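Colleague: Residue-level listing of the chains:
There are 2 protein chains.
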Amino acid sequence: MLDVKFNIRQVARTLSLVENRRPESHAILRAAYKAGRHVPVIGVTGPPGAGKSTLLDRLALHWAEQGEQVAVIAIDPSSPYTGGAVLGDRFRMDRASAHPRVFVRSLSSRGHVGGLSRAVQDVVVVMAAQGFERILVETVGSGQADVEVATLADCVIVVSVPGLGDQIQAGKAGILEIGDVYAVNKSDLPGAGTFAAFLEANLDLIYPGRPGVNQGGQRAGQERAYANAVLHRRHGNAGTDESFWRPPVVSVCALQGDSTEALCRVVEGFLSWQRATGRDGSRRAERFQDHIRRLASGRLLAQPLPAGAGPSLPQLADAVAQGEMTPWEAAEIFLDALSEAWLRREGTVADPVARSAED
Amino acid sequence: MLDVKFNIRQVARTLSLVENRRPESHAILRAAYKAGRHVPVIGVTGPPGAGKSTLLDRLALHWAEQGEQVAVIAIDPSSPYTGGAVLGDRFRMDRASAHPRVFVRSLSSRGHVGGLSRAVQDVVVVMAAQGFERILVETVGSGQADVEVATLADCVIVVSVPGLGDQIQAGKAGILEIGDVYAVNKSDLPGAGTFAAFLEANLDLIYPGRPGVNQGGQRAGQERAYANAVLHRRHGNAGTDESFWRPPVVSVCALQGDSTEALCRVVEGFLSWQRATGRDGSRRAERFQDHIRRLASGRLLAQPLPAGAGPSLPQLADAVAQGEMTPWEAAEIFLDALSEAWLRREGTVADPVARSAED
Numbered sequence: 097m098l099d100v101k102f103n104i105r106q107v108a109r110t111l112s113l114v115e116n117r118r119p120e121s122h123a124i125l126r127a128a129y130k131a132g133r134h135v136p137v138i139g140v141t142g143p144p145g146a147g148k149s150t151l152l153d154r155l156a157l158h159w160a161e162q163g164e165q166v167a168v169i170a171i172d173p174s175s176p177y178t179g180g181a182v183l184g185d186r187f188r189m190d191r192a193s194a195h196p197r198v199f200v201r202s203l204s205s206r207g208h209v210g211g212l213s214r215a216v217q218d219v220v221v222v223m224a225a226q227g228f229e230r231i232l233v234e235t236v237g238s239g240q241a242d243v244e245v246a247t248l249a250d251c252v253i254v255v256s257v258p259g260l261g262d263q264i265q266a267g268k269a270g271i272l273e274i275g276d277v278y279a280v281n282k283s284d285l286p287g288a289g290t291f292a293a294f295l296e297a298n299l300d301l302i303y304p305g306r307p308g309v310n311q312g313g314q315r316a317g318q319e320r321a322y323a324n325a326v327l328h329r330r331h332g333n334a335g336t337d338e339s340f341w342r343p344p345v346v347s348v349c350a351l352q353g354d355s356t357e358a359l360c361r362v363v364e365g366f367l368s369w370q371r372a373t374g375r376d377g378s379r380r381a382e383r384f385q386d387h388i389r390r391l392a393s394g395r396l397l398a399q400p401l402p403a404g405a406g407p408s409l410p411q412l413a414d415a416v417a418q419g420e421m422t423p424w425e426a427a428e429i430f431l432d433a434l435s436e437a438w439l440r441r442e443g444t445v446a447d448p449v450a451r452s453a454e455d
Numbered sequence: 097m098l099d100v101k102f103n104i105r106q107v108a109r110t111l112s113l114v115e116n117r118r119p120e121s122h123a124i125l126r127a128a129y130k131a132g133r134h135v136p137v138i139g140v141t142g143p144p145g146a147g148k149s150t151l152l153d154r155l156a157l158h159w160a161e162q163g164e165q166v167a168v169i170a171i172d173p174s175s176p177y178t179g180g181a182v183l184g185d186r187f188r189m190d191r192a193s194a195h196p197r198v199f200v201r202s203l204s205s206r207g208h209v210g211g212l213s214r215a216v217q218d219v220v221v222v223m224a225a226q227g228f229e230r231i232l233v234e235t236v237g238s239g240q241a242d243v244e245v246a247t248l249a250d251c252v253i254v255v256s257v258p259g260l261g262d263q264i265q266a267g268k269a270g271i272l273e274i275g276d277v278y279a280v281n282k283s284d285l286p287g288a289g290t291f292a293a294f295l296e297a298n299l300d301l302i303y304p305g306r307p308g309v310n311q312g313g314q315r316a317g318q319e320r321a322y323a324n325a326v327l328h329r330r331h332g333n334a335g336t337d338e339s340f341w342r343p344p345v346v347s348v349c350a351l352q353g354d355s356t357e358a359l360c361r362v363v364e365g366f367l368s369w370q371r372a373t374g375r376d377g378s379r380r381a382e383r384f385q386d387h388i389r390r391l392a393s394g395r396l397l398a399q400p401l402p403a404g405a406g407p408s409l410p411q412l413a414d415a416v417a418q419g420e421m422t423p424w425e426a427a428e429i430f431l432d433a434l435s436e437a438w439l440r441r442e443g444t445v446a447d448p449v450a451r452s453a454e455d
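Chains as they are written, first to last, in this note's numbering: chain C, 97 to 455; chain W, 97 to 455.
Keep in mind that the hints were calculated from the coordinates and are not lab data. A hint or two may mislead.
As the list claims (entries may be wrong) - Below, in silico cross-link-like pairs of lysine to any residue (SDA-like), each with a Cα-Cα straight-line distance of 25 Å or less:
#  : chain 1 : residue 1 : chain 2 : residue 2
1  : W       : K130      : W       : R117
2  : C       : K130      : C       : E161
3  : C       : K130      : W       : Q411
4  : W       : K130      : C       : P410
5  : C       : K130      : W       : D376
6  : C       : K130      : C       : Q165
7  : C       : K130      : W       : R117
8  : W       : K130      : C       : K130
9  : W       : K130      : C       : G406
10 : W       : K130      : C       : A415
Note that the structure is a prediction, hence the values are computed from the model and not measured.
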């Protein structure tokens with residue numbers, strides 16, 4: 097563990113070095129990874145307007161009041177945290193972030209095309225090494241970012257609200273398959289009960305095999321199989337003898353704080369179940385595998401090609417645009433050159449600060 | 097050009113083969129890429145609730161009524177098109193999609209982690225080869241998906257609406273840097289004029305160098321530089337003699353159809369400017385380069401490793417989780433093995449149907 101524990105200015109400075117890939121970040125990252133410290137990472141996702149920030153505030157406060165050192169990472173571009181970040185005021189204070197045991201950090205999603213989850217993974221590991229005991233990650237609810245947060249977190253809370261047609265659609269279209277826990281926020285709004293029941297019914301379609309429940313035959317085969325494989329790996333298979341987790345739907349009102357404590361207990365329940373079944377380790381292993389694959393891919397694509405190593409990427413792209421070559425033929429030629437160059441590279445010191453093609 | 101032109105059932109079937117990577121898709125994709133036909137691709141993005149689908153409907157109808165064959169690709173998980181797709185009814189009809197010259201296709205964003213833009217790129221090329229004359233792509237407004245749509249489209253329309261705090265934040269946090277044209281929808285709502293002025297003022301910060309305008313010094317240096325580089329490449333640099341494009345803000349009311357024709361003319365104006373400055377070709381080249389890079393990366397990561405080629409990815413991930421190795425050390429070992437295996441692979445026939453690691 098680094099010795100900067102809870103000197104907030106020092107923590108902020110360390111994270112800036114890591115985020116900006118300063119030379120000093122090499123040693124910081126190395127020490128953090130070697131510390132091998134794992135703390136619960138809770139992802140909070142959902143559409144803009146679902147009240148994620150307010151809910152996050154409640155959750156962070158809850159755990160802080162239990163005595164934990166809590167870190168919040170905001171990567172949702174519509175978040176007041178992140179929105180503030182872009183305009184220059186990196187920290188916007190509200191209840192939780194004013195608590196001495198809560199530290200809020202915003203990360204911009206730009207400048208990280210394809211590499212955002214890698215940046216978040218690094219920040220999570222550095223925060224854990226610095227002694228934070230729980231890390232909350234807020235992200236926007238849209239296809240790819242959702243999948244990424246699901247990969248990064250030990251528990252994903254999907255937040256939705258009643259009464260917004262688009263958001264019901266969003267629920268249908270994907271986020272029902274990444275949550276470990278579902279929160280219906282603004283439960284004082286009309287239609288909240290109906291909406292929660294709607295979520296439950298949709299979860300029944302996705303978690304077939306629950307006694308007396310429809311087998312979800314409506315869904316297209318390929319998507320069905322994909323979803324099932326992911327869910328069985330995460331939550332077990334109700335059709336077998338093994339212990340399984342059927343994500344609960346919790347109605348809360350974050351603004352008033354109604355039932356947010358109950359939500360925290362459900363999250364703790366999920367984390368306990370996950371630990372008891374050994375799935376915490378496999379989920380973490382999945383996360384590190386993804387991270388290594390992304391790093392490998394980024395490093396390869398950033399490999400400089402020596403002159404005469406064949407056509408350059410712009411030349412290949414031009415050939416594709418002219419219809420002279422298909423993209424996968426171009427990719428093979430490109431990959432041949434990259435692989436050769438990689439194996440013949442000079443120097444073997446792995447440098448985490450080297451900018452990769454994904455940055 | 098393929099001979100399936102505007103036999104809608106045949107078009108739909110062809111696209112299904114491509115999307116599902118059926119064996120037949122090899123020949124279809126090859127023929128489509130070799131056709132080398134380029135038609136304008138218009139991306140429409142913005143937060144859920146901004147009325148993207150309604151606006152898209154108007155735009156598609158406009159061009160269809162001008163006699164064009166228009167294709168619409170919906171990849172926004174909150175879209176009624178895509179929402180419908182996931183529940184099984186792939187086509188939800190409304191005004192535009194009922195027009196004989198408009199064809200709507202929804203693409204799920206799941207099952208394509210990291211590979212969605214590749215899938216869309218393939219579909220766009222196949223649609224162009226089939227004779228469609230304009231392709232509209234609808235996506236949700238969130239960081240990464242936005243950047244992807246910007247890469248795929250020849251013109252990006254960013255749609256927003258007045259009165260939603262979150263969406264103002266979303267505007268601040270990134271989408272102001274990917275649009276070629278900005279549409280303020282629901283311009284009959286109170287505050288619409290103020291909101292449009294707010295957008296204009298923010299664009300003034302982002303497009304410095306316009307006479308009499310703030311240089312945008314508030315923004316963090318790294319993000320500023322990143323944004324400037326991308327914008328100068330796309331829109332030229334106001335600080336120099338070259339012709340440049342300052343994205344206009346167009347107020348529309350898609351539901352009533354107010355000013356949607358004007359929006360179409362602005363889009364045409366942008367496309368003309370882009371052609372006249374040769375930027376259409378460089379934008380397309382950028383797109384194909386990204387595509388080749390993604391394919392190369394996916395193929396490499398999918399390369400099977402022979403037994404004895406060193407530690408496996410799960411073993412490397414475990415070593416990282418235990419703190420025995422940093423992820424970038426693991427990535428180097430993994431990449432050595434992958435590159436060796438790639439160069440020694442058997443068979444050289446490029447197969448676009450082969451599943452890559454990004455699927």
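Colleague: If a hint holds in the structure, say so; if it does not, say that too.
Modeller: Here's how the hints hold up against the structure:
Pair hint K130 of chain W plus R117 of chain W holds up; C-alpha atoms about 18 Å apart against a cutoff of 25 Å. Distance check on the hinted pair: K130 of chain C and E161 of chain C sit about 30 Å apart at the alpha-carbon level, beyond 25 Å; violated. A C-alpha spacing of about 16 Å is found between K130 of chain C and Q411 of chain W, which places the hinted pair at or below 25 Å, so the restraint holds. This hinted pair checks out: K130 of chain W and P410 of chain C have alpha carbons roughly 18 Å apart, not beyond 25 Å.
A C-alpha spacing of about 48 Å is found between K130 of chain C and D376 of chain W, which places the hinted pair above 25 Å, so the restraint is violated. Our distance criterion of 25 Å between C-alpha atoms is met by K130 of chain C and Q165 of chain C, whose separation comes to about 21 Å. Restraint check: the Cα-Cα separation between K130 of chain C and R117 of chain W comes to about 42 Å, which exceeds 25 Å; the hinted pair is violated. Between the alpha carbons of K130 of chain W and K130 of chain C the distance comes to roughly 50 Å, so the proposed pair goes past 25 Å and is violated.
A distance of roughly 21 Å separates the Cα atoms of K130 of chain W and G406 of chain C; the hinted pair therefore holds under the 25 Å criterion. A hinted pair counts as satisfied when its Cα atoms are at most 25 Å apart, and K130 of chain W with A415 of chain C qualifies at roughly 10 Å.
Of the numbered hints listed earlier, those contradicted by the structure are 2, 5, 7 and 8.
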